[in-house]
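Enquirer: Listed below are the residues making up each chain.
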Amino acid sequence: DQQVKQNSPSLSVQEGRISILNCDYTNSMFDYFLWYKKYPAEGPTFLISISSIKDKNEDGRFTVFLNKSAKHLSLHIVPSQPGDSAVYFCAATPGAGSYQLTFGKGTKLSVIP
Amino acid sequence: DSGVTQTPKHLITATGQRVTLRCSPRSGDLSVYWYQQSLDQGLQFLIQYYNGEERAKGNILERFSAQQFPDLHSELNLSSLELGDSALYFCASSGRTSGGATEDEQFFGPGTRLTVL
Chain W
1 DQQVKQNSPS LSVQEGRISI LNCDYTNSMF DYFLWYKKYP AEGPTFLISI SSIKDKNEDG
61 RFTVFLNKSA KHLSLHIVPS QPGDSAVYFC AATPGAGSYQ LTFGKGTKLS VIP
Chain A
1001 DSGVTQTPKH LITATGQRVT LRCSPRSGDL SVYWYQQSLD QGLQFLIQYY NGEERAKGNI
1061 LERFSAQQFP DLHSELNLSS LELGDSALYF CASSGRTSGG ATEDEQFFGP GTRLTVL
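Protein sequence lines, in the order shown, are assigned to chains W and A. Those letters in the first sequence? Residues 1 to 113, per the working numbering, in order. Those letters in the second sequence? Residues 1001 to 1117, per the working numbering, in order.
Check before you lean on any hint, since a few could be wrong.
Said to hold, decoys possible - Cross-link-like lysine-lysine pairs, in silico, DSBU-like; alpha carbons within 35 Å at most:
(1) W/K68 to A/K1057
(2) A/K1009 to W/K108
(3) W/K68 to W/K105
(4) W/K5 to A/K1057
(5) A/K1057 to W/K56
(6) W/K105 to A/K1009
Claimed, not checked - To spell it out: a stretch of chain W is covered by chain A in this simulated footprint if at least three of its residues, at any positions, have a beta carbon under 8 Å from a beta carbon of chain A; those stretches are:
(7) 43 to 55
(8) 102 to 109
Hints were generated in silico from the structure; no laboratory data involved. Idealized CB from N, CA, C, for every residue including glycine.
Between the sequences and the hints, there should be enough to build the whole structure, so can you do that?
Expert: Printed below as a string of structure tokens:
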């Protein structure tokens, strides 16, 4: 039973346009959500996170939106750059006292120059 | 460079064998996590250690065990290996005693690719 789902295995976007990566979760105990980016032959790198008390968090070109009632979050990248091409993993945790991350299967983003 | 190191980078072994994967966390991080990424799968949490003590257990097989040493490095031991154990094994660390990211922001090593033939 997958508690964190990324239903799009891949996404292609033109350089300069917006990339939107989606993630759904089923466990209502999840309290803190993170996005990781992974290049081939490297470990995942932390990108941005959001607490359940917020509905938006922004960091430069990256914005994460959280819709708790729909158990849905999304990562927006604006503008997309070729260097953003990577696999993006959504992760969730119950938060304080329990730090194990539950990951989705990832979405491979390709930004076309 | 996350500051987390893992050795070896690649490991090829036969079914039935036993291997040890090693992880050195970022300087000052007290928590070490182990994850397994099989083909077409997301990262599956295996186990967490905090300052030498086991803190949380995930989908870790009984054939697998881990420990964290006084110098905070960790080892993941995989025994009676099966073909299905072939995967990428990642170590992550977090939880610096002062400053840095929050406990939830884990920093990952480059992984060890295990191939069981």
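Enquirer: Would you mind marking each hint as holding or not holding in the structure?
Expert: Quick rundown of the hints versus the structure:
1. At roughly 27 Å between alpha-carbon atoms, W/K68 and A/K1057 fall within 35 Å of each other, so this suggested pair holds.
2. At most 35 Å may separate the alpha-carbon atoms for a hinted pair to count; A/K1009 and W/K108 meet this at roughly 23 Å.
3. Distance hint between W/K68 and W/K105 is fulfilled; the C-alpha atoms sit about 21 Å from each other, no more than 35 Å.
4. Taken as a hint, the W/K5 and A/K1057 pair is honoured in the structure, with Cα atoms around 21 Å apart against an allowance of 35 Å.
5. For the suggested pair A/K1057 and W/K56, the alpha carbons sit about 31 Å apart, so the restraint of at most 35 Å is met.
6. About 22 Å separates the Cα atoms of W/K105 and A/K1009, which keeps this hinted pair within 35 Å; it holds.
7. Interface restraint, the stretch 43 to 55 of chain W with chain A: holds (5 residues with C-beta to C-beta distance below 8 Å; minimum three).
8. Against chain A, the stretch 102 to 109 of chain W contributes 5 residues with a C-beta closer than 8 Å to a partner C-beta. That satisfies the three-residue criterion, and the hint holds.
In summary, the structure agrees with every hint in the numbered list given earlier.
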